[in-house]
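> As a plain string of letters, each chain reads:
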Amino acid sequence: MQSKDTHKDIQGNHACALGAIAAGCKFFAGYPITPSSEIAERMSVELPKNEGTFIQMEDEIASMGAVVGASMGGIKSMTATSGPGFSLKQENLGYASGAEIPCVVVNVMRGGPSTGMPTRPAQGDIMQARWGTHGDHEIIVLTPDSVPEIFSETIRAFNLTEELRVPVIVLYDEVLGHLVETVEMPKEGSLDLKTRKFAQSPAEDFLPYKETDDMVPEFPRPGDGYRTHTTGLTHQENGFPTQDPKQVDRMIKRMSGKMDMHKDVYESWEALECDDADIVICAIGISARAARGALKSLRAQGQKVGLFRPITLWPFPEDALKAATKSAKTVLVPELNAGQMILEVERHCDASTNVVGLNRIDGEHIEPAEIEEKIKELVK
Amino acid sequence: MDSSNSADSFNIRDYLRLEMFPHFLCPGCGHGIAMRALLWAVYELDIDKDKIAIVSGIGCSGRIGAYVDANTFHTTHGRPLAYATGLALARPDLHVIVITGDGDSLAIGGNHLIHACRRNLNMTCMMLNNEVYGMTGGQASPTTSETRYTTTSQSGSIEPVFDACALASAAGASFVGREVTVHTPNLKDLLRDALDHNGFSFVEVLSDCTEVFGRKNNLGESPEMILSQKSKMRPSSYGSANGNIVDEPFRPTTLPTGILTHKERAEYGDTYRAHVEKISGSVKNG
Ligand code: SF4
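Residue numbers (our numbering), protein chains in the order written: chain A, 43 to 422; chain P, 847 to 1132.
Be aware that one or more of the hints could be misleading.
As the list claims (entries may be wrong) - Computed footprint of chain A on chain P; a stretch qualifies when at least three of its residues, placed anywhere within it, have a C-beta under 8 Å from a C-beta of chain A:
| no. | stretch |
| --- | --- |
| 1 | 901-915 |
| 2 | 969-980 |
Unchecked claim - Here are some chain P residues pointing at chain A (derived, C-beta under 10 Å):
| no. | residue |
| --- | --- |
| 3 | M866 |
| 4 | C872 |
| 5 | K895 |
| 6 | H923 |
| 7 | T931 |
| 8 | R937 |
| 9 | N957 |
| 10 | R964 |
To be verified - Some chain A residues near chain P, calculated using beta-carbon distances under 7 Å:
| no. | residue |
| --- | --- |
| 11 | F69 |
| 12 | P90 |
| 13 | T95 |
| 14 | A104 |
| 15 | G111 |
| 16 | I117 |
| 17 | S129 |
| 18 | E133 |
| 19 | N134 |
| 20 | Q170 |
| 21 | R172 |
| 22 | W173 |
| 23 | G174 |
| 24 | G267 |
Treat the hints as calculated values from the structure; they're not laboratory data. Note that beta-carbon positions come from the ideal geometry of N, C-alpha and C, so glycine has one too.
Full structure from sequences and hints, please.
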């Protein structure tokens, strides 16, 4: 039975903040921006009650820097923003990726480019979330499609960033940020929470970026006697800068190898009625919600339609997509942009598969009826 | 201070990562002297190396942290104060020292500097001012003196010059001071007072970029450069009746050295923690 204590009717942004607290987040630095400000507001209330620190910084860049700085001190930290703010965070996000400092960044997507439409939804940051910062870098992007999933994916974001030492982005749109749904609060102590592997080996000869079997180096907590060096420059296993081609190549390949090795840890997707589907809809976030409605209606009319939904959007679950679209002649990609995820879908589908987009860039979300209509047109 | 060490037994090697040497600084660069003064001050205060966190930005100033045997973080251009803010709040047990340059903290990182001064979070910011972007090949900075030649002011700089100490004081820094590298013991004393101060302390060190700025402007070798800097200094009027040094944001022709501002003001971390206690008290009491 649902009770007031265990079930909360809350908006997506508050679910995100509560998920962070449940995950053990102890530091939040942010800057006001629509439509994500409710996350900072809620964190400013929750963190002081949970032995944590909230600070509103002077700008978006500073809040990202402070989050990385707090995590360098060994604590779980997070920031939240939206489009233009996300652009400003990219340099320090790249630092976190290069120096392998755990952190969670939430981006509640709004219309762009530039200031765009602060109060309207979009899914225009799919590519920015993957490639916003410069250079070859590793990053994980999670795309929940409901308020309960924002809660659980924020917890998973902390677990992944701690376990793999890769920055994790939680990416959803304005509609989900402000949608109110019921979230079941986990019982105290029931969550499986991860904490980074703090260095335990002898301080003498300790190598902070040692190529261990699992490719995830131990984290030397300041004050524990390791006295290591951390830099955004390409570095050797001992943490000090290098431009030696062999060492640089090795560092970048260890980081990408780490991602290849731990696919089972971070990959997550939902495949709904794809086995016999002639048409598979591939969508995330609010567009996936609309796709569910269309799927139900079309199945009732006897159409063989399926839904493939990446929950971990980046690295893209390409094998799962291939499996889900094996029987499909057509893949429809509805998204609130001019065609971003479709590029990735096309890349992984058979050349014989017809990959079609359904796009809105006008600040409105896609209705189930639009998807249904598009599919009827495609099967004609 | 009971825990303090005596000056004559300071051995800089105890604080260096000797395996990193030779260092990358050009011969005659003032940054090495500044680093020596900083470590000397650390020694005199007997600060545990395990508890020191050096956070630096990008530029020649940003690279010297790597030679110090402590927890060292070389961050992004202009942002060391933002990183240090997160680190100091997360770990109040650490002694956070920011090493930055004139371009790093007055140009690209200017916003972070004024807000760090305003907040008064406990850390020491040592700004090495050499009037130039040395690492990128000698471009003009917000402290390049008027008429000086740089690779982006080939016929002499025409821009007004920031007085970093006046800026920091005006923004609310509770401890501000300035020294030249040639006065190394004075610089050490100033840094020692800054490190000992509970709040945000800002120390401007007039360093010299011999190799790039000095050559471009025909300023001679390092000794000539630092001696000519010395001749432009005057003692601080701090503590005297008209001891307010902040009269204008631009640099006067002669600069005061020593402690320029020193006031006791609530430290941000203390205030935050007291505030939290108050809130949780009121929550507990219903
Ligand atoms: S370029 Fe200038 S500031 Fe940089 S190390 Fe050389 S002398 Fe020093």
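> None of the hints should be skipped; say for each whether it holds.
Verification of the supplied hints:
With a cut-off of 8 Å between beta carbons, the stretch 901-915 of chain P has 4 residues touching chain A; three or more are needed, and the interface restraint holds. Closer than 8 Å: that is the beta-carbon criterion, and the stretch 969-980 of chain P has 0 residues meeting it against chain A, so the requirement of 3 is violated. For the restraint placing M866/P at the interface with chain A, the shortest Cβ-Cβ distance is roughly 7 Å, inside the 10 Å limit, so the hint holds. Taking 10 Å as the C-beta contact cut-off toward chain A, the hint placing C872/P at the interface is violated, the least distance being around 17 Å.
The beta carbon of K895/P comes within 6 Å of a beta carbon in chain A, closer than 10 Å, and the hint placing it at the interface holds. Checking H923/P against chain A: minimum C-beta separation of about 8 Å stays under 10 Å; hint holds. Taken as an interface hint, T931/P checks out: its beta carbon lies about 5 Å from the nearest beta carbon of chain A, inside 10 Å. The beta carbon of R937/P is positioned within 10 Å of a beta carbon in chain A (closest approach about 4 Å), and the interface hint is therefore held.
Taking 10 Å as the C-beta cut-off, the interface hint given for N957/P holds, the closest approach to chain A being about 5 Å. Interface hint at R964/P: satisfied, since its Cβ lies 9 Å from the closest Cβ of chain A, which is below the 10 Å cut-off. About 6 Å separates the beta-carbon of F69/A from the nearest beta-carbon of chain P, less than 7 Å, and the hint is met. For P90/A, the interface hint holds, the least distance from its beta-carbon to any beta-carbon of chain P being 4 Å, beneath 7 Å.
Using the Cβ-Cβ criterion of 7 Å, the hint placing T95/A at the interface with chain P is satisfied: the shortest such distance is roughly 5 Å. A least Cβ separation of about 4 Å between A104/A and chain P falls short of the 7 Å threshold, and the interface hint therefore holds. Interface restraint check: G111/A against chain P, minimum CB-CB distance 3 Å, threshold 7 Å, status holds. The closest approach between the C-beta of I117/A and any C-beta of chain P is roughly 5 Å, which is under the 7 Å cut-off, so the hint is satisfied.
Given the 7 Å rule on beta carbons, the hint for S129/A is violated: about 15 Å separates it from the nearest Cβ of chain P. Against a cut-off of 7 Å between C-beta atoms, the interface hint on E133/A holds, since the closest Cβ of chain P lies about 6 Å away. The beta carbon of N134/A is positioned within 7 Å of a beta carbon in chain P (closest approach about 6 Å), and the interface hint is therefore held. For the restraint placing Q170/A at the interface with chain P, the shortest Cβ-Cβ distance is roughly 19 Å, beyond the 7 Å limit, so the hint is violated.
Look at R172/A: its Cβ only gets to about 20 Å from chain P, farther than 7 Å, so that hint breaks. Because the closest C-beta pair between W173/A and chain P is about 18 Å apart, greater than 7 Å, the hint is violated. Here the hint on G174/A is broken, as its CB sits about 15 Å from the closest CB of chain P, past 7 Å. Using the Cβ-Cβ criterion of 7 Å, the hint placing G267/A at the interface with chain P is satisfied: the shortest such distance is roughly 5 Å.
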